[in-house]
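Okay, here's what each chain looks like letter by letter:
There are 2 protein chains.
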Amino acid sequence: MADIITAAMIVIGDEILSGRTKDRNIGHLADVMTAIGIDLKEVRIVPDEEDEIVAAVNAVRSRYDYVFTSGGIGPTHDDITADSISKAFGVPCEYDDKAYAMMEAHYAKRGLEFTDARKRMARMPRGADHIDNPVSMAPGFRIGNVHVMAGVPSIFQAMLDNVVPTLRTGQKLLSTAIHCPFGEGVIGGPLAEIQKAHPDTIIGSYPKYLDGAFWTELVVRARTQEALDAAAEEVRAMVEALGPKAA
Amino acid sequence: MADIITAAMIVIGDEILSGRTKDRNIGHLADVMTAIGIDLKEVRIVPDEEDEIVAAVNAVRSRYDYVFTSGGIGPTHDDITADSISKAFGVPCEYDDKAYAMMEAHYAKRGLEFTDARKRMARMPRGADHIDNPVSMAPGFRIGNVHVMAGVPSIFQAMLDNVVPTLRTGQKLLSTAIHCPFGEGVIGGPLAEIQKAHPDTIIGSYPKYLDGAFWTELVVRARTQEALDAAAEEVRAMVEALGPKAA
Numbered sequence: 001m002a003d004i005i006t007a008a009m010i011v012i013g014d015e016i017l018s019g020r021t022k023d024r025n026i027g028h029l030a031d032v033m034t035a036i037g038i039d040l041k042e043v044r045i046v047p048d049e050e051d052e053i054v055a056a057v058n059a060v061r062s063r064y065d066y067v068f069t070s071g072g073i074g075p076t077h078d079d080i081t082a083d084s085i086s087k088a089f090g091v092p093c094e095y096d097d098k099a100y101a102m103m104e105a106h107y108a109k110r111g112l113e114f115t116d117a118r119k120r121m122a123r124m125p126r127g128a129d130h131i132d133n134p135v136s137m138a139p140g141f142r143i144g145n146v147h148v149m150a151g152v153p154s155i156f157q158a159m160l161d162n163v164v165p166t167l168r169t170g171q172k173l174l175s176t177a178i179h180c181p182f183g184e185g186v187i188g189g190p191l192a193e194i195q196k197a198h199p200d201t202i203i204g205s206y207p208k209y210l211d212g213a214f215w216t217e218l219v220v221r222a223r224t225q226e227a228l229d230a231a232a233e234e235v236r237a238m239v240e241a242l243g244p245k246a247a
Numbered sequence: 001m002a003d004i005i006t007a008a009m010i011v012i013g014d015e016i017l018s019g020r021t022k023d024r025n026i027g028h029l030a031d032v033m034t035a036i037g038i039d040l041k042e043v044r045i046v047p048d049e050e051d052e053i054v055a056a057v058n059a060v061r062s063r064y065d066y067v068f069t070s071g072g073i074g075p076t077h078d079d080i081t082a083d084s085i086s087k088a089f090g091v092p093c094e095y096d097d098k099a100y101a102m103m104e105a106h107y108a109k110r111g112l113e114f115t116d117a118r119k120r121m122a123r124m125p126r127g128a129d130h131i132d133n134p135v136s137m138a139p140g141f142r143i144g145n146v147h148v149m150a151g152v153p154s155i156f157q158a159m160l161d162n163v164v165p166t167l168r169t170g171q172k173l174l175s176t177a178i179h180c181p182f183g184e185g186v187i188g189g190p191l192a193e194i195q196k197a198h199p200d201t202i203i204g205s206y207p208k209y210l211d212g213a214f215w216t217e218l219v220v221r222a223r224t225q226e227a228l229d230a231a232a233e234e235v236r237a238m239v240e241a242l243g244p245k246a247a
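Chains as they are written, first to last, in the UniProt record's numbering: chain A, 1 to 247; chain B, 1 to 247.
None of these hints come from the bench; they were simulated from the model.
Certain hints may be false.
Treat identical chains as interchangeable: a pair holds within one or across any two.
[Said to hold, decoys possible] Think about it this way: if two alpha-carbon atoms lie no more than 30 Å apart in a straight line, the pair counts; the simulated DSS-like pairs of lysine-lysine are:
{"hint": "1", "residue 1": "K98", "residue 2": "K119"}
{"hint": "2", "residue 1": "K98", "residue 2": "K87"}
{"hint": "3", "residue 1": "K119", "residue 2": "K22"}
{"hint": "4", "residue 1": "K208", "residue 2": "K87"}
{"hint": "5", "residue 1": "K208", "residue 2": "K22"}
{"hint": "6", "residue 1": "K119", "residue 2": "K87"}
{"hint": "7", "residue 1": "K109", "residue 2": "K119"}
{"hint": "8", "residue 1": "K109", "residue 2": "K87"}
Based on the sequences and whatever the hints tell you, model everything.
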């Protein structure tokens, strides 16, 4: 039995739900998780409302090995992620001495006032560890299996780079893509048979629509190269066999 | 009290969670909902697993006025949305006579076989209404407050265009954006004061990071023009007043 590690993501922010900002962190996290062998199983986008954030975090943190959040850790009044995560874990949200000192020095060095707003960014749940932010100093944090990161994509990515080496990774889900020039209506039947014959694989079929015609990207996924190759070979043979009939 | 209409979205598909496909429907739905005065309050991305789809649909359909799903309504074995929605509503999933006849004629006209796979696309929960698909015929459907649409963006968008006129819309949330050349650390304090003084508005602060410096997009939202203008004016005045100090 392969070691399966799972994760969920919570995207926090009214601006994503209003459409004003288009999320770019979900796709990035998904790519990174796939690359390191962690299965991203669920994503939720929630508004800047404490009850919603607390409920979402508590719903997923017991179900999956890891949780990653983006957004809401800045210095303004609508940045309520640190408070919400603290509430979810039932611990106080307070200034972290190390973060406070680090940020105080950072602003002093640049001749900038360490405003109350900036101080907000040094608050985190009691017992949390920092996630370093090489871009703009104010750290994210980890508490339990929940990793709290910024919503600005360049900072989210930099923080995630710092988190990845700390994660326990599973057996990578291998995958191969097979181009199929026919629509799903042609291949649906035989493809289902192949899936049935190869229960240790996940065969996905992704329709693409271009200039009035469908084509399909077929993706075979498996935990072992042997399982992957066996199913992929049958899928390729199916596409070839259909060639004359469907063309 | 303004009439508030709420919605949730469920994105169904392993390919989004694996990163192979980058979602383009969330942002589109968010834009459309905002434009017509419906508040998108939650989005969930779930895998192609029946239990997960059923649980997500049932979790959100009682909480919000409308639910929109994308993905999993094609002809292949991994397209299990119709079955899952039927299960969520406790009704059988069966061939819809009208959809079946329409699709049969469509394929006959094009000289294509009406395969078992294609027939799958005529299945929907008993009692569901069609959502027309002007792109590739196979319809989506509506049952109760749940609107089930395709994952292919061009088809999702075309189906949504057909759904929008059927929706009860609320009082549109008006918004205005104010460019702020300073980072959130500078404005966090005064901005929180303005938010406190204008509880009938939602003031969002969205940090942007470019070439080593932060700037901020400030967005004021309100249900009435008066409330919007009053708060926006104070935000603009705040930014101007900070000018010399923060520059």
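For each hint, the structure was consulted:
no., hint, result
1, K98 to K119, "within (12 Å within a copy, 63 Å between copies)"
2, K98 to K87, "within (21 Å within a copy, 52 Å between copies)"
3, K119 to K22, "within (28 Å within a copy, 36 Å between copies)"
4, K208 to K87, "between (44 Å within a copy, 28 Å between copies)"
5, K208 to K22, "both (22 Å within a copy, 13 Å between copies)"
6, K119 to K87, "within (19 Å within a copy, 50 Å between copies)"
7, K109 to K119, "within (16 Å within a copy, 68 Å between copies)"
8, K109 to K87, "neither (34 Å within a copy, 61 Å between copies)"
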